[in-house]
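In case you want the letters, here they are:
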Amino acid sequence: MNIIWFILITTSVIFSIVNNKLEDFTKSIFDATKQAVEVSLFLLGIIALWLGITKIIEDSGLIYHLSKFFKPIISKLFKKIPKDHPSIVSITLNLLANFFGLGNAATPLGIKAMTDLQTLNEDKETVSFEMMLFLVINTASIQLIPFTVVGLLSQYGSKSPNSIVLPTIIATVISAIVAVINLHIFKFLFEKNKK
Amino acid sequence: MKLINYISQLIIPVFILFTVLYGFIKKVRIYDSFISGAKQAIEIVLKIFPYILAIFVAIKSFQSSGAFDFVKNLFSGIVKIFDIPQEVIAIALIKPLSGSASLAVFTDIIKTTGVDSLATKISAVIMGSAETTFYVLAVYLGSIGIKKTKYLVPVCILSDIIGIIIAILVVKILLG
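Line by line, the protein sequences give chains A and B.
Just so you know, this note's numbering puts 1162 at position 185 of the first sequence, and the rest follows in order with no gaps.
Just so you know, this note's numbering puts 1184 at position 5 of the second sequence, and the rest follows in order with no gaps.
Note that these hints are calculated values from the structure, not bench results.
Check before you lean on any hint, since a few could be wrong.
[To be verified] No more than 27 Å apart at the CA atoms, straight line, and that leaves these computed lysine-lysine pairs for DSSO-like:
1. 1101(A) to 1329(B)
2. 1329(B) to 1011(A)
3. 1060(A) to 1048(A)
4. 1351(B) to 1060(A)
5. 1205(B) to 1101(A)
6. 1060(A) to 1205(B)
7. 1172(A) to 1206(B)
8. 1327(B) to 1057(A)
[To be verified] Simulated coverage check for chain A against chain B, where a stretch passes if three residues somewhere in it have a Cβ under 8 Å from a Cβ of chain B:
9. 1005 to 1011
10. 1037 to 1051
11. 1078 to 1084
12. 1098 to 1111
13. 1151 to 1165
Glycine included, every Cβ here is placed at the ideal spot set by N, Cα and C.
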């Protein structure tokens, strides 16, 4: 992230000088700060809501039933997570929320999943393999129906707004599998390099 | 389609009802539980705020400085060779960076190329199959204070690139 941030910021400043867009540049960074505050406030609300709900799930013991139920699916991918660990439930709930296109629920549950995975992590400042796997699957965004996109298409009078649903599912599943394979290849190369 | 939409709308209310009922039957003080869970949100948001700010500033300035347009033009040559609509570049580049901006670009593609054009269809599939990678990474890693990301970022960038190529191919094969 250090390198990416460096590249984005420096090229932006250089380009805004070359293109004589200094005013736009300055305006945009202040817009960005405002937007960051708005998004954070929005997140505060929904994160609080979902952490409240998941706390009830934990306190009532519902979490043990859920984790027993989802364990077989999750443990195929996340081999190192011990059984009965709360991360099984938070990972599943996040993936389900993504799957059904419930973006507002997905982010808080994802953060919960990361917090749960952090309890298993030995080095708290370094990302664990399980976290990487979770994030890689997440950024491949497996979704059943892309409601926003289908909605926009039909709103603009498309003859068959649903025609993109199947291609989207196929594309997203393939890219998720490719992403997981990529991660394993990088892991292999990284560990080989260390030795 | 309507049924699936309805089921999706039903999930959250039913899930909340089920959780609350189960807690109530198990004699949990559900209200107190909810409050103590919700309290943690303030801490999490304080933690992720600087990460969100950093990513927004970088992306917004990249767009406004004209650097984004420059990168877009770089790719137009490659796209021509493979007979892919020019408009796809914009959506492919913006989607991993920003959700709201990619939605604006997508609407623009619908308006300029028509709602049933190949460009719109490819963009639609990219919209649905790609995620705002850098935002997700910043928020999720920021929320637990991870600083060393090992090989995660290159994996995500590579997977995004392959994902977009897959999206283009799938549309070309199935709908093209």
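Hints, one by one, checked against the model:
Distance hint between residue 1101(A) and residue 1329(B) is fulfilled; the C-alpha atoms sit about 13 Å from each other, no more than 27 Å. This hinted pair does not check out: residue 1329(B) and residue 1011(A) have alpha carbons roughly 31 Å apart, beyond 27 Å. A C-alpha spacing of about 7 Å is found between residue 1060(A) and residue 1048(A), which places the hinted pair at or below 27 Å, so the restraint holds. At most 27 Å may separate the alpha-carbon atoms for a hinted pair to count; residue 1351(B) and residue 1060(A) exceed this at roughly 44 Å.
For the hint pairing residue 1205(B) with residue 1101(A), the CA-to-CA distance comes to about 35 Å; that exceeds 27 Å, so the pair is violated. At most 27 Å may separate the alpha-carbon atoms for a hinted pair to count; residue 1060(A) and residue 1205(B) meet this at roughly 23 Å. A C-alpha spacing of about 55 Å is found between residue 1172(A) and residue 1206(B), which places the hinted pair above 27 Å, so the restraint is violated. Straight-line distance between C-alpha atoms of residue 1327(B) and residue 1057(A) comes to about 20 Å, which keeps the hinted pair within the 27 Å bound.
Check result for the stretch 1005 to 1011 of chain A against chain B: holds, 5 residues qualifying (beta carbon to beta carbon below 8 Å, three or more required). For the stretch 1037 to 1051 of chain A, the stated coverage by chain B holds: 3 residues have a C-beta nearer than 8 Å to a C-beta of that chain, and at least 3 were required. Under the rule that three or more residues need a Cβ within less than 8 Å of chain B, the assignment of the stretch 1078 to 1084 of chain A holds, with 4 such residues. With 7 residues carrying a beta carbon less than 8 Å from a beta carbon of chain B, the stretch 1098 to 1111 of chain A meets the three-residue requirement, and the given coverage holds.
Coverage of the stretch 1151 to 1165 of chain A by chain B holds [criterion: at least 3 residues with CB-CB distance below 8 Å; count 8].
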